[in-house]
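Enquirer: This is what each chain is made of:
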Amino acid sequence: MASDVLLDLANTVIMGILLGGLYALIALGLSLVFGVMKMINVAHGDLVLFGTYFAYGAMTCLGIDPVVSLIAGVPLMFFLGFAIQRYLMSRAFGRSMEAPLLIAFGISLMLQNLQQILWTPMSKGLTTSYALDSFDAGGMHFPLAYLLDFAAAVVVMLLLGQFLSRTYLGKAITGAAQDKTAAQLMGINTRRVYAFAFAISMVTAAFAGVFLGLTFPFTPQSGISFLIIAFGVVIVGGLGSMLGTFLGGMLLGVAQTLGGYFLGSTSQMLVVYFLVLVVLAVRPQGLFGR
Amino acid sequence: MMRKWTALIIFLLLLAALPLLGLPQAWVLYLLLFFVYLAMANMWNLLCGYSGLISLCQPAFVGLAGYTMVILVWIGVPFHAAIVAGGVVAAAFAILISIPVFRLRGIYFAIGTLVVPEALRILFLLWRPVGGKLAGGGAGYMLRGMKGVTVTHYYLIAWVVGVGSIFLMRYILRSKLGLGLAAIRDNDRSAASSGLNVFRLKLYSFVIAAFVTGIAGAVFYLYQGYIEPGGAFSIHWTMIPILATVIGGISTEAGPIIGAMVVVFLDFLLARYAGFSMLIQGAILVGIMLLAPQGFIEIARQIRTRRSPIGVQTSK
Amino acid sequence: MSQETLLAVDSIDVFYGGFQALREVSLEVRTGEIVALVGANGAGKSTLLNAVSGLIEPAKGVIRYKGEDIGGKDPSQIVSRGISHVPQGRRLFPDMTVLDNLMLGSYNRNARPKVSESLRTVYDLFPILERRKEQPAKTLSGGEQQMLALGRGLMSNPQLMLLDEMSLGLAPIIIGKVYRALREIRKRGITVLFVEQSVRRSLQEADRAYIIEAGRVVLQGNVSDLREEGEIKKAYFGI
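Residue numbers (the numbering used here), protein chains in the order written: chain A, 1 to 290; chain B, 291 to 606; chain C, 607 to 845.
Any given hint could turn out to be false.
Stated by the list, open to error - Derived DEER-like restraints, expressed as beta-carbon distance ranges: (1) A/125 / B/465: 53 to 59 Å; (2) B/565 / A/83: 23 to 29 Å; (3) B/304 / A/123: 47 to 53 Å; (4) C/806 / B/594: 57 to 63 Å; (5) A/125 / B/312: 50 to 56 Å; (6) A/93 / B/489: 24 to 30 Å; (7) B/590 / C/683: 36 to 42 Å.
Treat the hints as calculated values from the structure; they're not laboratory data.
Don't be surprised by glycine CBs; every beta carbon is placed ideally from N, CA and C.
Please build the complete structure, drawing on both the sequences and the hints.
Expert: Here it is in structure tokens:
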């Protein structure tokens with residue numbers, strides 16, 4: 001029945017849009033670090049995953065709900081991010097273009113191995129009671145997790161946006177991203193500002209990690225796919241605009257769900273990767289970028 | 291300088307003869323690994339240290355070549371030919387993806403090349419060109435038809451590949467390609483404006499690296515005896531050459547040699563702690579990048595000449 | 607007008623990699639003065655300002671501000687000591703509003719308590735900025751951008767302002783406006799060191815001037831004395 005197919009497709013597309021919110025949330029931290037420090041943090045995916053495993057630990061060892069565990073997870077990730085930038089990455093900046101990348105690469109692998117040791121390579125999930133729930137609307141079927149992801153993404157993005165535009169530190173970060181030298185001449189200590197930017201990026205990663213875990217199963221190796229997704233969102237959505245990131249996320253989300261619909265669930269990531277490569281090749285500044 | 295290279299050549303010849311002199315098999319296998327790692331490290335050095343291409347694409351070459359070899363052997367092709375075919379497939383793949391990927395610079399290139407092996411990994415999980423379904427539903431292959439081939443034989447092939455990579459590097463760096471690459475590495479745009487075909491030079495580098503890395507990978511799978519997507523396209527194949535090159539000294543000829551020795555030695559030391567190997571490797575990589583980013587070669591040079599680096603004023 | 611030395615640059619060498627941009631350059635700015643730094647493109651004027659504000663460290667020599675050695679310090683520390691550098695090309699934050707640009711001028715901890723006061727001062731000097739305060743900086747005209755840059759520099763509550771090529775790319779009428787603002791700034795007790803390519807303009811606005819050529823100071827003195835100099839007369843008509 002044509003109308004059934006249409007409804008199925010609409011269902012798939014809407015799910016893709018909701019998923020896109022999650023993807024935008026994952027990409028937020030990467031985008032912030034790139035915008036401010038002109039550096040792509042290749043450890044980003046594994047750091048998001050670290051947030052996921054932290055929530056997993058809280059859940060399995062202490063029985064704490066993953067979202068609640070953010071109360072501890074957020075400060076932890078904040079300090080971790082601050083330390084990584086302040087003591088590791090900043091030393092690498094002056095040296096060569098490869099240095100920050102290689103250090104991030106090393107961190108990425110350390111995290112992967114660490115998670116493997118702590119939690120085994122087996123696939124895990126943040127299986128709370130509500131994570132498995134779903135609801136129906138308009139004849140379509142949605143996992144509750146997707147809706148939660150979208151809501152979380154909107155909230156975090158709004159908060160971040162407000163922080164960057166209204167607080168002094170936020171403005172300093174924005175300014176340093178637009179012109180580092182001018183920022184220095186304003187008396188802004190760019191070293192500290194970079195560390196804060198990285199720390200905030202990690203806070204968004206903490207949120208992304210929890211909601212990712214609620215939505216999908218994960219293994220210690222999942223970090224790479226998170227990185228590729230985040231990178232894809234940043235590339236597709238273009239840099240510098242939160243709206244672009246959001247739209248980029250949704251585009252990738254829809255690509256994935258449609259890919260899964262037509263080609264089966266194992267291949268759905270392939271569609272995403274392919275799209276990323278195509279956009280990289282054709283329009284590296286992104287579809288909505290400057 | 292001549293004396294150093296003569297000594298090195300004699301040393302390498304000795305290494306070739308070792309299994310014939312009765313060296314225990316375990317050691318032979320570690321040496322085999324050394325030559326495999328050496329070839330890969332040299333190639334990564336060619337890409338990153340000399341051509342300015344931060345490639346994270348190595349697993350694609352290794353995996354493709356490995357699978358090509360295993361599949362060809364499965365259907366009866368003699369394994370020497372299969373190894374070469376593996377390299378050719380990897381090189382052809384490099385040409386194919388160079389089109390999208392070379393439009394990217396620096397870090398974009400790095401991540402672009404990161405996507406490729408990951409996509410291939412999923413592809414090979416789904417695709418099973420020859421052989422029936424595996425009992426457990428897995429996606430790997432055993433290496434068939436290698437009865438009667440001795441470990442010594444494998445070892446000598448590895449030796450050829452590893453030593454060959456050293457001489458290949460020597461040759462490239464002194465050729466026109468090498469000079470062109472030196473110009474590109476320092477500044478892409480000014481090189482292009484002085485008439486160098488930047489794309490073509492990078493392409494040569496990339497394809498050569500793909501070929502040799504592929505062959506080295508095929509040799510590895512010869513030794514391991516089975517292949518599956520997770521290991522074949524694993525980031526491990528990026529980590530090893532990076533670690534070896536960085537430890538030894540990036541952009542130096544001897545660096546990868548020393549680095550490969552250290553990495554194999556590390557493998558040997560950590561054999562009991564296999565689960566921790568990437569953790570330690572990652573930690574070493576971070577440590578070296580922070581403390582001695584120029585690698586061992588540079589440290590050795592500084593100790594020998596007992597000179598402290600001249601401070602150059604840099605802007606903040 | 608106090609004759610105390612506010613800024614003393616003593617025989618500095620500055621290198622960009624292998625290239626020597628400044629050779630044994632010495633310069634003095636006394637409290638309340640307006641001093642001009644004149645020279646052609648590439649002579650090293652901007653480099654000198656960059657060395658004072660901490661963007662680059664001298665390889666040799668000393669820079670003293672109020673008696674304290676500031677050579678090699680971070681720009682953020684130098685700003686909080688009362689030096690404000692308005693760089694060449696203005697370097698505004700293009701996508702941030704006029705108001706945000708000004709607010710960031712007061713970022714350093716000494717200036718922040720006085721933000722509203724400083725903002726009032728800047729708006730009084732440049733009323734157009736108040737009118738355009740919600741507009742992104744990149745939408746302003748060249749002259750307005752220069753005024754914004756000056757205003758932003760004032761927000762850090764400085765005692766010494768370093769102004770790099772304010773007239774770059776501006777129409778003569780606008781340049782006149784900008785330099786009138788400069789005189790207002792001086793009236794408020796701020797000492798100024800400015801960089802200019804135009805000898806004529808420099809001699810008009812400054813008390814003293816230094817002429818720089820190829821990284822060296824070739825001529826210096828009171829503006830009234832310099833006007834009589836043969837070399838200057840040539841340049842005066844030439845530039």
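Enquirer: When you take the CB atoms of residue 125 of chain A and residue 312 of chain B, is the distance between them in 50 to 56 Å?
Expert: 54 Å, holds
Enquirer: Is it true that residue 304 of chain B and residue 123 of chain A lie within 47 to 53 Å of each other by Cβ?
Expert: 48 Å, holds
Enquirer: Okay, residue 590 of chain B versus residue 683 of chain C on CB: inside 36 to 42 Å?
Expert: 39 Å, holds
Enquirer: Honestly, do residue 806 of chain C and residue 594 of chain B meet the 57 to 63 Å range at C-beta?
Expert: 60 Å, holds
Enquirer: How does the Cβ-Cβ distance of residue 565 of chain B and residue 83 of chain A compare with 23 to 29 Å: does it lie in that range?
Expert: 25 Å, holds
Enquirer: Residue 125 of chain A and residue 465 of chain B, beta-carbon distance inside 53 to 59 Å?
Expert: This hint holds: roughly 54 Å between Cβ atoms.
Enquirer: Per the hint of 24 to 30 Å, is the separation of the Cβ atoms of residue 93 of chain A and residue 489 of chain B within bounds?
Expert: Distance hint for residue 93 of chain A, residue 489 of chain B holds at roughly 29 Å.
Consistency with the previously given hints is maintained throughout, with no hint failing.
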